[in-house]
Each structure stands twice: as C-alpha cells, then as structure tokens.
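Chemist: Chain by chain, the residues run as shown.
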Amino acid sequence: MGIVSPGFHGRGRRAEVELPPGQYLTEDFPVLSAGPTPRVRREEWEFTVTTETGEEHRWDWRELMALPSETPTVDIHCVTKWSKLGTRWEGVSLDTLLADVDTAADYALIHCYGGYTTNLPLEDLLDGQAWIAYRYDGADLASEHGGPARLLVPHLYFWKSAKWVRGIRLLDEDEPGFWETAGYHDYGDPWREQRYQGD
Amino acid sequence: MARAAVPGRLTWRVARLAETRAETATARTLVFDVPGWPGHLAGQHVDVRLTAEDGYSAQRSYSLAAPADGDRVELTVQDIADGEVSSYLTEGLSPGDPVELRGPIGGWFVWRPAETNPVLLVAGGSGIVPLMAMIRARRQAGSSTPFRLVYSVRTPADRYYAAELRRPDPGVDVTPIYTRATPEGSSRPPGRLTVADLNSGGWPAEFAPDCFVCGPTGFVESAADILLALGHDARKIKTERFGPTGA
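Same order as they appear, the protein sequences are chains A and B. Going left to right, the first sequence walks through residues 1 to 199 as the working numbering numbers them. Going left to right, the second sequence walks through residues 1001 to 1247 as the working numbering numbers them.
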C-alpha cells in the first residue's frame, strides 16, 4: 500500500467492475496521439504484411471488405489511466489476414500512416486477440480514432492498438516502436500495470 | 518520427506539498518537494497517486508546469467537476501533506534548451501547462531561440499564468485568443482559433518551426489541421491531447 494522503477518500470506487490497477472508468472516448491526424482515403488505403523473408501480402480496401468480419465487444485500457468497457467494433481478425502467411517470426512491428509504429509478439496478434477494425459503435471509424482502419488488440494498453494502420512487419527480433522507444513498456499488459520501462 | 530514449525504472516517490498558487478560479499550481527527483525536460508529465486510509488508491497524469529545479516539482491542476484526484489536489491537500509521484514520463513532447529552431506553441485552455514549462525552460537557460505562443481560452479570466505572460520576455511573442468573451478594447471578436490567427500569431512554414500543440482533442485536431493547411510539415507538429485524463 502506498503512502496515505490525509483526507483522501476517493469517489471512483465501483465494486461491480474490476479494472486493471491504477485505471479509472470513463464513458468518453479520449484521443491520444503524437501528431496531426493523417487523412487517408479508402481508395488509397492499403494494408501490407511483410514476412521476415521479405515476402509481401497486400490488401486494398475492397479486398479487406471482402473478408469475413467479426464484431468484438471488448474493454479497452489506455496507459493514461482511462478504461472504457464494452466497446463495440467491427473488423477482420488477424487470424484471417495471417492465415496464408508463411512465417516463423516471433515479433511484429506495426507501422501506420503518419509514421507511428508499435511492437508486440506475433502470438499476441493471433487466436482471436486482434483485429483490423474499421467500424466503432455501429459507424465508420472516425479519423481521430484511427480511421479508416486501426489495429485493435485490447488485451494490451491501447497504444498498441495502432491508429491509421498501414502494415505489419514480421521480425525474428523484437524491435521497439514509437512509445516503446520513448520510455513506455515493451509489452504493456494493463493487468500487470506495465506502463513504463522497468514496470 | 524521431526517437528519444528515457531509460531507467520509474519509482514512486513521496512528494510533499510546499506551496500553492491560484491560477484561475478553478486551477491551482502546486509546488512539491520531491527528495531525489531525477530532473526532467520541459513538456514531460508525471503520474500522481493518492491512497486512502483503507488502501483505495487513484492515479492521474499531470503535466509539469516548470523546468527542473532541484527537488522542486510544479504541477498546475485544473479542478474538474467530479474529478476525485483533481478536487483533492486543489482543495484537500495542505502544505506538508504527502502524495506519491513518479516520472518524468514522455520523451516525445519535449523541448530542450539546446535546440535553436524557432518554436510555435499552440495552447487550448489547460493545454498551456507543458508549453509554459517550455517558455520557462527557455528563460531559465538564457536561450535566445525565438518562441511564439498562441493561447486560446474562453475568457480573460481563464488565462493561466496571466501576469507572467503579460511581462515582456524578449523573443517570446504571445497572442491570446478568446473564444467566448474578449477583454475591453480587443479588436478580434470572440471565436474559435482560425487560419488567420495561426497565420499571424505563428511562424511562416518556410521557417520550419518546431510546433507543439496541446489542449482538448477538438482544439488539437483543428489547430494541427490548420498548421498542415498553412504548409507546416506534419513531422514538425507534435501534439498532446487532454481528454478527461486530467480528471
């Protein structure tokens, strides 16, 4: 237990839901990003998976729309402390996108329109844990929330759910992304409160 | 995008309130003594943790309002309705009382006094806090890097650091923008930030200034879009958005 601050009682207690340590509930959908919002037209959008041997798999918007979609309802947890429960998305599972990709890589580096990157183990993208999401709460995903499409990988802090996703590089060695190079945790499990390096 | 490394583990430290200053009717600057504070860069933030007697705790992030000064750390906290942490910090905390604090956090939205590019700061409301740390860091270092600040607030009474920003600071030009009510004698009618405001209050894109934009999401989206429209390079525009995360 931490040092007690005298007279602090707290008003955020909600016994009915369990949140990861240090998080609080919000009903809003705050935005966190490091630069201007890239505006990407669907006609120009493409998504590329590049394997460790340099083999490329590419989808344009129409091809993405032709794939079977899923409608996950998930809780999301931002490293800036807010959590939002029961968010409703529509997108294509990474299991679907990676089904025909021949790889023995252990790591993935996500890259995005606008230059953002983030890294995670490849296994965290598989087995129903991650999607390329293009609809949120019944509507097309707004650009400030990552539209036309973002990665959704809700079991990690939300900076891993990269907005404006453009592709995935599959790698034999872990390569830290944007926030991971700027002092944030390499893996980012909210239930273990892995916010910053060394947590 | 460029990269910046912030190595080392961030441990929780005990911070004791030394003094406070009212900035507006609802915002207060809190000065803490934090023994062993490792120092920080202008633009970085900290996490604050409050713990109740029964062990319940709550954390929030706050921007640092001033450059590193030994063990002294300054935050400016906006009291938000229903903000369990902000209300305690601005009203419940007395000098000598402890909170826990860890940081500094964030290696991207920072300005270093060794940098000589012109700087454009665009603040909306409480988004002024990390930008004020940059202005103060410039002054503390005796830097002559030219700064311009465009600061949007609802009314004159909502300005943070009003007296300090009114005092002449050679090389720092300040353009206030009022969205709801203007001071007497103001020629600009109240209204949201426009292309003209950033065109006249900022730097020409040819000067390739480092742009720092901080405020609520809608403000940051709009200001960053205007800067792009004025020809600024997206890679030179760093943003920080305040949702309810400061509550």
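In case anyone wonders, no lab produced these hints; they're calculated from the structure. Hints are not guaranteed to be accurate.
[Stated by the list, open to error] Calculated Cβ distances over 12 Å to all of chain B for the following chain A residues:
#1 I3
#2 W45
#3 G54
#4 W61
#5 E63
#6 A66
#7 S69
#8 D75
#9 T80
#10 E123
#11 E144
#12 T181
#13 E193
#14 R195
[Said to hold, decoys possible] From the structure, some residues in chain B lie toward chain A, with a derived Cβ separation under 10 Å:
#15 A1058
#16 G1107
#17 L1165
#18 R1166
[Stated by the list, open to error] Calculated pairs, SDA-like style, for lysine to any residue (alpha carbon to alpha carbon, straight line, at most 20 Å):
#19 A/K84 with A/P21
#20 A/K84 with B/G1083
#21 A/K84 with A/T26
#22 A/K84 with B/E1206
#23 B/K1236 with B/S1057
#24 B/K1236 with A/L25
#25 A/K84 with A/E144
#26 B/K1236 with B/G1185
#27 A/K84 with A/R39
#28 A/K84 with A/Q194
#29 A/K84 with B/P1204
#30 B/K1236 with A/E144
#31 A/K84 with B/P1216
#32 A/K84 with A/P38
#33 A/K84 with A/W191
#34 B/K1236 with A/T73
#35 B/K1236 with B/E1221
#36 B/K1236 with B/T1116
#37 B/K1236 with A/G114
#38 B/K1236 with B/R1192
#39 A/K84 with A/D28
#40 A/K84 with A/V17
C-beta: ideal position from N, C-alpha, C; glycine also.
Chemist: Evaluate the condition: distance from the CB of A/I3 to the nearest CB of chain B exceeds 12 Å.
Modeler: Nearest chain B Cβ is 5 Å from A/I3, so the label is violated.
Chemist: Would you mind confirming whether the straight-line C-alpha gap from A/K84 to A/R39 stays at or under 20 Å?
Modeler: Given that 20 Å is the threshold and the Cα spacing comes to 25 Å, the pair is violated.
Chemist: Is it the case that A/T80 keeps its Cβ farther than 12 Å from each residue Cβ in chain B?
Modeler: violated, 4 Å
Chemist: Over 12 Å from every CB of chain B: does A/G54 meet that, or does the non-interface label fail?
Modeler: holds, 24 Å
Chemist: Taking only the CA atoms, is the gap from A/K84 to B/G1083 under or equal to 20 Å?
Modeler: holds, 17 Å
Chemist: Can you confirm whether the C-alpha distance between B/K1236 and B/T1116 stays at or below 20 Å?
Modeler: holds, 14 Å
Chemist: Check the hint pairing A/K84 with A/W191 against an upper bound of 20 Å on the C-alpha distance.
Modeler: Distance ~14 Å between A/K84 and A/W191 Cα, so the pair holds.
Chemist: Hey, B/K1236 versus A/L25, does the alpha-carbon distance stay inside 20 Å?
Modeler: Cα-Cα ~33 Å, so violated.
Chemist: Does A/K84 pair with A/Q194 here, judged by a C-alpha cut-off of 20 Å?
Modeler: holds, 18 Å
Chemist: Within a Cα-Cα threshold of 20 Å, do B/K1236 and A/G114 meet the stated pairing?
Modeler: holds, 12 Å
Chemist: Could you check if B/R1166 really has its C-beta closer than 10 Å to a C-beta on chain A?
Modeler: violated, 31 Å
Chemist: For B/K1236 and A/T73, compute the direct alpha-carbon distance and say whether it is at most 20 Å.
Modeler: At roughly 36 Å apart (the allowed maximum being 20 Å), A/T73 and B/K1236 break the hint.
In summary, the structure is inconsistent with hints 1, 9, 11, 12, 13, 14, 17, 18, 22, 23, 24, 26, 27, 29, 32, 34, 38 from the numbered list given earlier, while agreeing with the others.
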